[in-house]
Amino acid sequence: NAGVMQNPRHLVRRRGQEARLRCSPMKGHSHVYWYRQLPEEGLKFMVYLQKENIIDESGMPKERFSAEFPKEGPSILRIQQVVRGDSAAYFCASSPPEGRETQYFGPGTRLLVL
Amino acid sequence: EDQVTQSPEALRLQEGESSSLNCSYTVSGLRGLFWYRQDPGKGPEFLFTLYSAGEEKEKERLKATLTKKESFLHITAPKPEDSATYLCAVPPNAGNNRKLIWGLGTSLAVNP
Numbered sequence: 093n094a095g096v097m098q099n100p101r102h103l104v105r106r107r108g109q110e111a112r113l114r115c116s117p118m119k120g121h122s123h124v125y126w127y128r129q130l131p132e133e134g135l136k137f138m139v140y141l142q143k144e145n146i147i148d149e150s151g152m153p154k155e156r157f158s159a160e161f162p163k164e165g166p167s168i169l170r171i172q173q174v175v176r177g178d179s180a181a182y183f184c185a186s187s188p189p190e191g192r193e194t195q196y197f198g199p200g201t202r203l204l205v206l
Numbered sequence: 003e004d005q006v007t008q009s010p011e012a013l014r015l016q017e018g019e020s021s022s023l024n025c026s027y028t029v030s031g032l033r034g035l036f037w038y039r040q041d042p043g044k045g046p047e048f049l050f051t052l053y054s055a056g057e058e059k060e061k062e063r064l065k066a067t068l069t070k071k072e073s074f075l076h077i078t079a080p081k082p083e084d085s086a087t088y089l090c091a092v093p094p095n096a097g098n099n100r101k102l103i104w105g106l107g108t109s110l111a112v113n114p
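Quick mapping for you: the protein sequence lines, in order, are chains A and V.
Just so you know, the numbering used here puts the end of the first sequence at 206, numbered straight through with nothing missing.
Just so you know, the numbering used here puts the end of the second sequence at 114, numbered straight through with nothing missing.
Hints were generated in silico from the structure; no laboratory data involved.
Using N, Cα and C, we set each Cβ at its ideal position, and we do this for glycine too.
There may be inaccurate statements among the hints.
[To be verified] Okay, the calculated beta carbon distance ranges per label pair:
id, chain 1, residue 1, chain 2, residue 2, range
1, A, Gln173, V, Ser20, 20 to 30 angstroms
2, A, Ile146, V, Glu3, 21 to 31 angstroms
3, A, Asp148, V, Ser9, 27 to 37 angstroms
[Stated by the list, open to error] Output of the computed footprint for chain A on chain V, the stretches with three or more beta carbons under 8 angstroms from beta carbons of chain A:
id, segment
4, 84-95
5, 103-112
My request is simple: use the sequences and hints to build the entire structure.
Next up, the structure:
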């Protein structure tokens with residue numbers, strides 16, 4: 093049973109470019125979460141999605157960031173016009189549709205903005 | 003504001019030397035407390051969920067306990083492979099209970 097998959101594992105972008113981070117949840121999981129991790133700040137919630145719906149995006153910056161989880165395919169976290177402050181590790185987690193809320197994490201994407 | 007505080011920030015143990023990590027939270031109506039382990043360069047790995055005061059969960063050398071205001075992760079006779087950062091998280095007091103609030107973690111190093 094494959095775990096949560098994220099790609100790419102490492103991504104380098106220049107300021108002003110776009111970054112697209114992909115996440116495939118565990119089989120049978122329909123809830124996806126995105127978190128950002130910085131060394132001094134710890135893990136910060138960004139967004140919670142179900143298939144074709146954004147449930148809670150209260151942790152997402154209002155500009156340049158967007159997320160989707162289409163009916164088919166992986167969830168995408170998109171960062172437009174990246175700035176150096178966007179450099180961080182971005183983690184995706186998934187959980188099953190019913191029962192308790194345990195979230196299972198992927199290996200993360202390390203974004204470096206030059 | 004809902005907060006999660008972990009202590010100590012870092013802990014160095016000799017192999018076999020038992021100890022405890024602390025996670026305290028300010029959330030008044032606890033809707034679960036989660037412990038994870040994170041190795042360098044990897045994503046958090048789920049360990050335990052606790053829901054009510056007095057609850058305990060065990061896995062190999064780890065035991066998690068919960069009171070009304072804090073949780074402890076007890077490590078008995080640790081081995082070098084237990085070296086990692088241990089994170090705890092709770093849902094907020096109100097609203098979306100899947101939006102976890104995280105502590106900064108305890109970085110554990112176990113020397114052989």
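Q) Is the gap between the beta carbons of Ile146 (chain A) and Glu3 (chain V) within 21 to 31 angstroms? A) holds (24 angstroms)
Q.
Range first: 27 to 37 angstroms. Now tell me if the beta carbons of Asp148 (chain A) and Ser9 (chain V) are that far apart.
A. The hint (27 to 37 angstroms, Cβ to Cβ) holds, given that Asp148 (chain A) and Ser9 (chain V) are roughly 29 angstroms apart.
Q: Check whether three or more residues of the segment 84-95 of chain V sit with their beta carbon closer than 8 angstroms to a beta carbon of chain A.
A: holds (count 3)
Q. Is it true that Gln173 (chain A) and Ser20 (chain V) lie within 20 to 30 angstroms of each other by Cβ?
A. At roughly 51 angstroms between Cβ atoms, Ser20 (chain V) and Gln173 (chain A) fall outside 20 to 30 angstroms, so the hint is violated.
Q.
Can you tell me if the segment 103-112 of chain V counts as covered by chain A, using C-beta to C-beta distances under 8 angstroms and a minimum of three residues?
A. holds (count 5)
Hint compliance for this structure: hint 1 alone is broken.
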